[in-house]
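Q: The sequence shown begins at 14 in the numbering used here and counts up by one.
I should point out that these hints are in silico values taken from the structure, not numbers from a laboratory. Using N, Cα and C, we set each Cβ at its ideal position, and we do this for glycine too. Any given hint could be a false lead.
Here are the computed distance ranges between Cβ atoms for each label pair [as the list claims (entries may be wrong)]:
hint: 1; residue 1: Ser521; residue 2: Glu238; range: 49 to 59 Å
hint: 2; residue 1: Asp522; residue 2: Ser576; range: 21 to 31 Å
hint: 3; residue 1: Gln294; residue 2: Leu419; range: 37 to 47 Å
hint: 4; residue 1: Glu275; residue 2: Gln234; range: 55 to 65 Å
hint: 5; residue 1: Ala219; residue 2: Ser581; range: 23 to 33 Å
hint: 6; residue 1: Glu590; residue 2: Glu238; range: 54 to 64 Å
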Amino acid sequence: MNSTWPAITWMRVAIFRHCGEDMIRCTDHWICHDHARHRHKRERAHSPAWLSLCNPVYCRLFFFSSSTQMQTRIALASFLLLLPHSVVSTSAQIRGLNPALAEKYVANARGNFECLDGSKEIPFARVNDDYCDCTDGSDEPGTSACNNGTFYCRNEGHEPAIIDSARVNDGVCDPQCCDGSDEWDSHVVCPNTCDTVGRAHRELRASQEKEQKAGQQRLRQLVREASGLRKIKREELARKQSKLADAEVHLAEAEQLKDMLEKQEQEMRANQDSDRAMRKQGLFDEYLPDLIAYRRHLAMALHRSRWQRDSLIMLLRAVRREHNAEFNDEAVNLAVKEYTEFADAYPYLENAAASVMEEGEGARAAREQEMDRDSELQDDKNYEACRDAINIAESERETNKADIDLLYGILAKLRDDYNKNYHDLAVKAAVVGLGEFEQMRDADSTVISSQYETLEIAKAQERVAEAKARLELILDETTETPVDSEQPDVDFQQRLADARSAYYTASSDKSQLANDVSVLSELLGKDLGERDMYLPLKDKCYSLDAGEYTYEVCLLDQATQISNKDNSRQHLGSFAEFAKDSDGITLYTTHKYLNGNKCWNGPNRSLIATFECAEEIEIVKVTEPEKCEYHALITGPFACPMPEDGMVDGKDDPSGKTPVPAAPQDDAVSVSPIPYAHDEL
């Protein structure tokens, strides 16, 4: 190494320690390259401002091939060090700097750079020296030294872009920097695709602007329609309110007439009821003795029929329990089978019969007398109680007669058909008992017939039937409707029917008008979007076939999921509100449909619908980012730029509503001269 090397080293370090990557890149073959990079980060000294020579043109002056050349370059460098500071510190030379901030990157009177956040100032030579001095990262726009800095890609032929400093020289060609300037000092060479990308972007932007223009025109039409509709609805509401007031008056008059006639009818019926009650009571008093006589005769006959039934049950019970099954007598087996079917159907009768037979004849007679005394106290006190007791007794008598005929038939057949050669004691006892029963039955029949004649029961029965017929002339026992000739006159009944019909019609008309007024008032009081833009299409439905399901969204109404397999429907929610941004401003392009059907083991279903500018309304896609929480992307004019405030096709907006700012448009649709941030592309 020649003797000039220490001087070279000093000069290189003195100049390059503040020259950043521009100088280092062009000195790849200098043997102290790493040493210089190390020192300018580790041993920075406060060098004079006139060392700001960070420009590739100066770098080339120091590429030497001989000591003579080197000495010449050193001398030239010394000369360059004396150049005025303003020559070498222009913002146009600062890599990665946003032109909009260029005026802030000029050395102050002290030759220093002031951090944009005002936290400190540093020698201008330290800008882009690959070392982060400013807390806001503003001193390193062209390097990755500051983790909170940004890098500006010029992208000539396309649109400028801003990316995070961390992406500078990271070995990855960022698509946002189509000119490849983000990898100016890495092993990767990024091609400049800005012409191609810019052309495609301009074509897309032109298409979007065309679609946006068509959508805006459609929005203008909707706003104009909404203006007319609101006027029509207001006029309709006024008419309905006027009709409702008239209907309320008419209803009050109809109700007054109806009430008056109904009151008259009640008075007439009250008089009729009083007269009818008097005639009924006279009939009751006249025929009550006949009913009592007949009821008591029925009570005595019931006692005998119960005793006969119980006797037959006990005979067959003994056969079933005590017969000799080894004889296998077919007649006996048949009798046992038929009685078992009866006993199984009415098990309480066998138990009751056994209990009665255990009483003894005296106890039974005493019990029957007690029953008769109770009946006399309860059933003979008035006509209606006695009549009801007779009806019950007649029904029981018929039931007992059917049971006796069945049981007697079983025993009579057994007596005729059993094998007399078998000495089955139970069967023989039953046959003997049947004979005794027949004697008892004949005796009972004689007693009943005698009483029937003595007490003139036949005459009493005739009187009971006569009383019933006369009572039916006074009152229909089924409907309790008067059938006598003293009903209100036909003309009055027709007037009352007409009054009731008029009242019900007036009430129905009033209810319908009240409902119409309520619906119209609710509609006109709703937030229907900016300048009522949703009014012309409110409740109109749009659908998307997504394969397994079809999704249907009815504007400002409800959202539904329909199975394409079985056509079953799931309610995803009813329209609840428009979304709001962080500042509380209503976003009319985002709808919330909430409180749908409950999801199994999850929340109630819901759907958020977001609109993008387009002429036609169409559901583009539906996703489910969370369980049972659906998001729908819908195109439509509602997301397009609104016509100027207060004007619709050059006319004043008659809606009377204060315009609300529209939701921010997506960058892919809106046209903006502001460069894209890294995450906004």
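Q: Run every hint past the structure and note whether it holds.
A: Hint check:
1. Judged by the Cβ atoms, the range 49 to 59 Å given for Ser521 and Glu238 is violated: they are separated by roughly 33 Å.
2. Between Asp522 and Ser576, the C-beta spacing of about 42 Å breaks the proposed range 21 to 31 Å.
3. Distance hint check: the CB atoms of Gln294 and Leu419 are about 44 Å apart, consistent with the given range 37 to 47 Å.
4. Evaluation of the 55 to 65 Å hint for Glu275 and Gln234 yields a pass: the beta carbon distance comes to about 58 Å.
5. Roughly 45 Å separates the CB atoms of Ala219 and Ser581, a value that falls outside the hinted 23 to 33 Å.
6. Checked against the given bound of 54 to 64 Å, the beta carbons of Glu590 and Glu238, roughly 24 Å apart, lie outside it.
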